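Starting from the given sequences, assemble the full structure and let the hints guide the process.
Chains as they are written, first to last, in my numbering: chain A, 1 to 322; chain B, 1 to 329.
Keep in mind the hints are simulated off the structure, nothing from the lab. No experiment lies behind these values; they were computed from the predicted model shown. Some hints here could point you the wrong way.
Mimicking DSSO-like on lysine-lysine, the simulated pairs with C-alpha atoms at most 30 Å apart in a straight line are [claimed, not checked]:
(1) B:K88 x B:K203
(2) B:K176 x B:K128
(3) B:K128 x A:K237
(4) A:K237 x B:K176
Residue strings, one per chain:
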Amino acid sequence: MGRFVLRRLAQSAVIVFLVATLTFVLLRMAPGDPVRAQFRDVTVSQEVIDEYRRSWGLDRSMPVQYVQYLGNLIRGDFGQSFSLHRPAWDVIREALPNTVVLALAALGISFATGMVLGTAQGANPNSRMDHTLTVITLAVFSIPIFWLGLMFMLVFGQWMGWFPIGGEVSPVYRGLPLVGQLADRFRHLVLPALTLGLGGAAVVARFHRAAMAEAFAENFIRTARAKGLSEQTVVLKHALRNALLPAITMFGLSLPVLFSGSVLVEYVFAWHGMGLAAFEAVGRRDYNVVTAITMIGATLVVAGNMVADLLYRLADPRTAES
Amino acid sequence: MTALLRVRHLSTSFQTEAGLVRAVDDVSFDLAEGETLGLVGESGSGKTVTALSILRLIPQPPGAFGPESRIEYDGVDLLRLPSRELRKVRGAQIAMIFQEPMSSLNPVLTVGSQISEAIRAHEPVSRKEANDRAVELLDLVGIPEPGRRFRDYPHQMSGGMQQRVMIGMALSCRPKILIADEPTTALDVTIQAQILDLLLELKERFAMSVLFITHDLGVLAGVADRVAVMYGGSIVEQGPVRAVFEQPAHPYTRGLLHAVPRVDRPSDRIEGIPGSVPTATAWPSGCRFHPRCSECMKRCEVDAPPSYSAGTDHTARCWLLDQSEGQRQ
Ligand SMILES: Nc1ncnc2c1ncn2[C@@H]1O[C@H](COP(=O)(O)OP(=O)(O)OP(=O)(O)O)[C@@H](O)[C@H]1O
Ligand SMILES: [Mg+2]
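Encoded structure:
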C-alpha cells in the first residue's frame with residue numbers, strides 16, 4: 001500500500017508538471033498580446049507597452065521565461081494579475097471556495113440521485129420503471145448544460161420566483177442573522193448545483209445501472225438468495241457492495257468534467273468561482289491568473305483521482321494487500 | 001420411507017431471443033428422508049435448472065414454470081409459496097452448493113461473514129454468537145486454523161477450501177435437504193475425492209437427504225441410494241442404484257454405463273455415445289434420444305414414450321419396454 005501511494009504521488013507530480021508546461025506553451029501560442037489586452041479601449045504608446053513587458057518579464061527569451069515560470073510555481077508564487085493589479089493568488093482565494101461548494105453540491109446531487117436510480121434500475125432490469133428511467137436519464141444527459149441552466153432560471157427563478165437567479169448571496173446578506181445567511185447561501189446554490197449535478201446524475205445512473213445488472217448476474221447473488229436472505233440484503237449488501245467499485249472509478253473520472261462544466265454554469269449564474277475567473281482571465285490574456293487557476297484545478301483533479309484509486313484499492317480486497 | 005420432497009411435472013422454460021428454451025420438461029421424482037438421490041446427465045440436460053427450480057432460484061423472467069409444476073416440501077408447494085415464506089425454507093430447510101465455488105462466494109465479503117450471515121438470516125442470534133458458530137463450521141468442514149481463516153476473502157483460498165466454505169455455509173442451519181450441484185466438477189482430481197468424502201460423512205452426521213447432481217455416473221455407485229438419469233430436459237430412467245447399474249432399462253443409461261471405465265469389465269476402449277446432446281431450443285421429435293439411439297424404432301421418431309415400469313421402484317421412458325417385460329403404468 002505504501003509503495004502504491006508513493007508511486008501514485010510520483011505519477012501525480014509528473015502530471016502536474018506536464019499540465020504546467022502545456023499551460024505555458026498554449027498561453028504563449030494563443031493569439032493576442034497580454035499587455036495590449038489590458039488597454040483594450042485606450043491607445044498607449046509603444047514605450048509604455050515595452051515598460052509593462054519588461055516589468056512582467058515578457059521581454060526575455062522563452063526558455064528563460066519557462067525556467068522562471070517553473071521556479072515560481074515550485075515556490076507557490078503565481079505572480080501578479082495583469083488586469084487586476086493584485087496577486088493572482090488573491091483571485092484564487094476568493095474564487096476557490098465558491099467553486100468547491102458548487103462542485104461538492106453538484107457531486108452530491110450526481111451521486112446521490114444517480115446511485116439511487118441506478119440501484120433501483122439494476123435491481124429490476126427491463127421493468128417499466130427501468131425503461132422509463134432510461135428514457136429520462138438519456139434525455140437529461142443530452143440536454144446542453146447552459147440551456148438547462150437558462151431553463152431553470154426561467155422557470156424556477158423568473159416564473160415561480162422560488163430561487164434567485166445569480167450570484168452567491170443577496171444584497172441584504174450582511175444584515176441577516178447567521179441562520180438567515182446560511183439559508184440565503186443555500187437558496188443561491190440550488191439552481192447552479194442542480195444544473196451542474198443533473199447531467200452527472202444521469203451519467204452515474206446509466207453506469208451504475210450497468211454495474212448493478214452485472215453484479216446481479218454473478219453466481220454469488222444466487223448463493224445469497226439460496227441462503228434465504230431478504231431481497232433487500234441481496235441488493236444492498238451483496239450486489240451494491242460489488243457495484244461500488246465501478247462507482248469509485250466514476251467518481252475519479254467525474255472530477256475533471258465537474259471542473260470544466262462549472263465554467264459554463266458559473267458564467268450562466270454569475271457564480272464567482274474559478275470557472276468565471278478563468279473565463280475572464282482568458283479574455284484579458286491574464287497569463288498568471290489563468291496559470292494559477294489551471295494549476296489549482298489540475299492539482300485538485302489529480303488529488304481527487306488519487307483518492308479514488310486509494311478508495312478502490314481499499315474497497316476491493318483482491319487488491320488491498322498487494 | 002416417506003418422501004420429504006416431491007417434484008411433480010416440473011417444467012421450466014426460458015424466453016430467449018433464440019426462442020423458447022424448454023430446459024426442464026415434465027420432471028417428477030421423490031426424495032425420501034435420509035436418502036441420497038443421484039441426478040445424472042450430460043451437460044445441458046437440465047440438471048442445474050431442475051436444482052434451481054426447487055428453491056425457485058430461476059430468474060423470472062426470462063424463466064417460467066409450467067402450470068402443472070409442483071414442488072412439495074413437507075406437504076407445501078414451494079412454487080406457490082409467498083416469497084417471505086419461501087425465504088424461511090431456503091438455507092434453513094433446503095440448502096444448496098454449486099458447481100463453481102469461486103464465483104459462488106462474494107469476493108468483497110470475508111468467508112466467515114458469509115457464513116454467519118446465513119445463520120443470522122434464520123436464527124435470532126447475536127453477531128458474536130453467529131461468528132462463533134461460523135468458526136465451528138469452518139472447523140467442521142476441515143479448514144485448518146478456522147479462527148484465522150474466518151477473516152479470509154474467497155480469493156485467498158484454494159478451490160477446495162472455497163467449496164468447503166460453501167459446504168459449511170449450506171450446513172449452517174442444519175437443513176433437512178442438501179442439493180449438491182456438481183460440487184467437485186471444478187476441482188482438481190485429488191481434491192474431488194476429499195470433498196466427496198466430506199459430503200458423505202456430513203450427510204450421515206446431520207442425517208440429511210441429498211440431491212447429488214453429477215455428469216459422472218460412476219461416482220454415484222458409491223454415493224447414491226437411488227439414481228435418476230436425465231436426458232434432454234426429462235428423466236429417462238430412475239430407480240435404486242443397484243437396479244439401474246445392473247439392469248439399465250434405457251439405451252441411454254446403458255450407453256452411459258459403457259462410457260464409465262469399470263475395473264470388473266476390462267475392455268481396451270471406452271464406448272461413448274455417438275452424437276451430441278441436442279439443444280433445448282429444438283428438441284428432436286418423439287423420443288428425444290432417438291437420433292443417437294442404436295435401438296431406434298419407427299415410433300420413437302414420432303411419439304414420446306411414457307414412463308414404464310422396469311422393476312420394483314424402477315421406471316424408464318422407452319418404447320422398448322412396451323412389448324418386452326413391463327406393463328404400462
Ligand atoms: N437463464 C437461462 N436462460 C436461457 N437458457 C438457460 C438458462 N439457464 C439454463 N438454460 C438452458 O437450459 C438448458 C439446461 O441447462 P442446465 O444448466 O440445467 O444443464 P446442466 O445439466 O446443469 O449442464 P452442466 O452439466 O453443463 O451443468 C441448457 O440448454 C441451457 O442453455
Ligand atoms: Mg449444471
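Hints, verified against the model:
Note on K88 of chain B and K203 of chain B: the hinted pairing holds, with a Cα-Cα distance of about 21 Å set against a maximum of 30 Å. A hinted pair counts as satisfied when its Cα atoms are at most 30 Å apart, and K176 of chain B with K128 of chain B qualifies at roughly 25 Å. Restraint check for K128 of chain B and K237 of chain A: the C-alpha separation of about 19 Å stays at or below 30 Å, so the hint holds. Of the supplied pair hints, the one linking K237 of chain A and K176 of chain B holds, its CA atoms being roughly 27 Å apart against a limit of 30 Å.
Going through the hint list in order, the structure satisfies each hint without exception.
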